[in-house]
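Asker: One line per chain: the protein sequences are A and B, in this order. Each residue of the first sequence is one higher than the one before, starting from 1 at the first, in UniProt numbering. Each residue of the second sequence is one higher than the one before, starting from 1 at the first, in UniProt numbering.
Everything labelled a hint here was simulated from the structure, so no lab data went into it. Hints are not guaranteed to be accurate.
The list treats identical chains as one, so a pair stands whether inside a single copy or across any two.
[Unchecked claim] Calculated lysine-lysine pairs in the DSSO-like style (CA-CA distance at most 27 Å, straight line):
#	residue 1	residue 2
1	Lys59	Lys75
2	Lys202	Lys151
3	Lys201	Lys157
4	Lys151	Lys75
5	Lys59	Lys151
6	Lys75	Lys147
7	Lys75	Lys96
The model shown is predicted, which means the values in this text are computed figures rather than measured ones.
2 protein chains.
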Amino acid sequence: MSTVSNSTNIFWQDCQVGRPERQKLLNQKGCVVWITGLSGSGKSTLACSLSRELYTRGKLSYVLDGDNLRHGLNKDLGFLPEDRTENIRRTGEVAKLFADAGLICVASLISPYRRDRDNCRAMLPDANFIEVYMNMPLQLCEARDPKGLYKLARAGKIKGFTGIDDPYEPPINCEIEIKHDDGVCPTPTVMAGQVVTYLEKKGFLEH
Amino acid sequence: MSTVSNSTNIFWQDCQVGRPERQKLLNQKGCVVWITGLSGSGKSTLACSLSRELYTRGKLSYVLDGDNLRHGLNKDLGFLPEDRTENIRRTGEVAKLFADAGLICVASLISPYRRDRDNCRAMLPDANFIEVYMNMPLQLCEARDPKGLYKLARAGKIKGFTGIDDPYEPPINCEIEIKHDDGVCPTPTVMAGQVVTYLEKKGFLEH
Chain A
1 MSTVSNSTNI
11 FWQDCQVGRP
21 ERQKLLNQKG
31 CVVWITGLSG
41 SGKSTLACSL
51 SRELYTRGKL
61 SYVLDGDNLR
71 HGLNKDLGFL
81 PEDRTENIRR
91 TGEVAKLFAD
101 AGLICVASLI
111 SPYRRDRDNC
121 RAMLPDANFI
131 EVYMNMPLQL
141 CEARDPKGLY
151 KLARAGKIKG
161 FTGIDDPYEP
171 PINCEIEIKH
181 DDGVCPTPTV
191 MAGQVVTYLE
201 KKGFLEH
Chain B
1 MSTVSNSTNI
11 FWQDCQVGRP
21 ERQKLLNQKG
31 CVVWITGLSG
41 SGKSTLACSL
51 SRELYTRGKL
61 SYVLDGDNLR
71 HGLNKDLGFL
81 PEDRTENIRR
91 TGEVAKLFAD
101 AGLICVASLI
111 SPYRRDRDNC
121 RAMLPDANFI
131 EVYMNMPLQL
141 CEARDPKGLY
151 KLARAGKIKG
161 FTGIDDPYEP
171 PINCEIEIKH
181 DDGVCPTPTV
191 MAGQVVTYLE
201 KKGFLEH
């Protein structure tokens, strides 16, 4: 029995089918793969490639895409700093539920502020939060500009755009770093392979 | 490419591994089993029993418990009408994600207002929202009072308690109704069986 800040009379319900049973059913361990990086750095590409690679191994993953969530759960939020923080907080809470459900949850969000990411990490047992930093130079991301957003930001038509007039704070101790090689990015398969190798080594691909 | 109300420049990301692939992996179809009813009507009992029954059949479910969510995703919300509505909306959005992930998502919340429940139903393809109404008389729930909340509400120590000084609006066209028999409730196994039979008949337990 416990109470929480905003509401007393809230009781924690436990079920006989828990995380261990679900992980056994799936033959994997639940975790959160949190992909952070600038717009255009390849987060979604990696998320898709990773979910495909896991699927071919019979593993269940689910991608939480920052943009997609803004159509649903987070559609009441804008881009003010407090909205960005709440956006990340909710995504972290949902990712935690998916990990608890036994899935490999792949969260793909710019998530520019270190503190917001660290708050999500703190929600989970440490080893279950795997931070993947897309370490791509701004020039490369801006040259790609897959959504045409850098152009708009440079023209002043978008305010507070990460990398242009809002900061991106790189991770200090991330689990995985995806690097370019002199401006050349690894292929989606190579990037996904890097993450899968990590998951395998850490025992997430068996229960 | 699309835009949403609160934020332009949001793009929908599609992945090659989608709901059909996940459902194939799990050999089931994703859906939301939404259990509504008074406090003490047996919602959590049914949710647990159902997840156990599904597990023995090798099916993956996940319980979203209203009280548990108030410790995490919804911990910023209280019990004012607009907070209750937002609580249900977020739960519905998360349930939708779980159904999309291929799971049988069991949401267990008082969810007293018909409009809030119908809004959640509207988020999903109609057949994927299965409303289960715990049709138990107030006297029975109050006699059970497993959390001692009715006692507090009657003493005026909790305001706006559903069934006492806040309305419960029963579903009009729910998929499943759990009834008492002259004040005697069905056992957890019988209740779960009623839902499993429905899921089986509608093809949710195969892909």
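Asker: Give a verdict on every hint.
Answerer: Each hint tested on the structure:
With identical chains, the CA atoms of Lys59 and Lys75 are never at most 27 Å apart, being 30 Å at best within one copy and 32 Å at best between copies. Neither within a single protomer nor between protomers do Lys202 and Lys151 lie at most 27 Å apart by alpha-carbon distance, with minima of 41 Å and 50 Å respectively. For the identical chains of this complex, Lys201 and Lys157 are neighbours neither inside a copy (45 Å) nor across copies (54 Å), given an alpha-carbon limit of 27 Å. In this assembly of identical chains, the alpha carbons of Lys151 and Lys75 lie at most 27 Å apart only when taken from the same copy (24 Å versus 38 Å across copies).
Taking the shortest Cα distances, Lys59 and Lys151 never come within 27 Å of each other, neither inside one copy (39 Å) nor across copies (48 Å). Taking the closest pair of Cα atoms, Lys75 and Lys147 come within 27 Å of each other only inside a single copy of the chain (20 Å); across copies the shortest separation is 34 Å, beyond that limit. When the C-alpha separation of Lys75 and Lys96 is checked against a cutoff of 27 Å, the pair qualifies both within a copy, at 20 Å, and between copies, at 14 Å.
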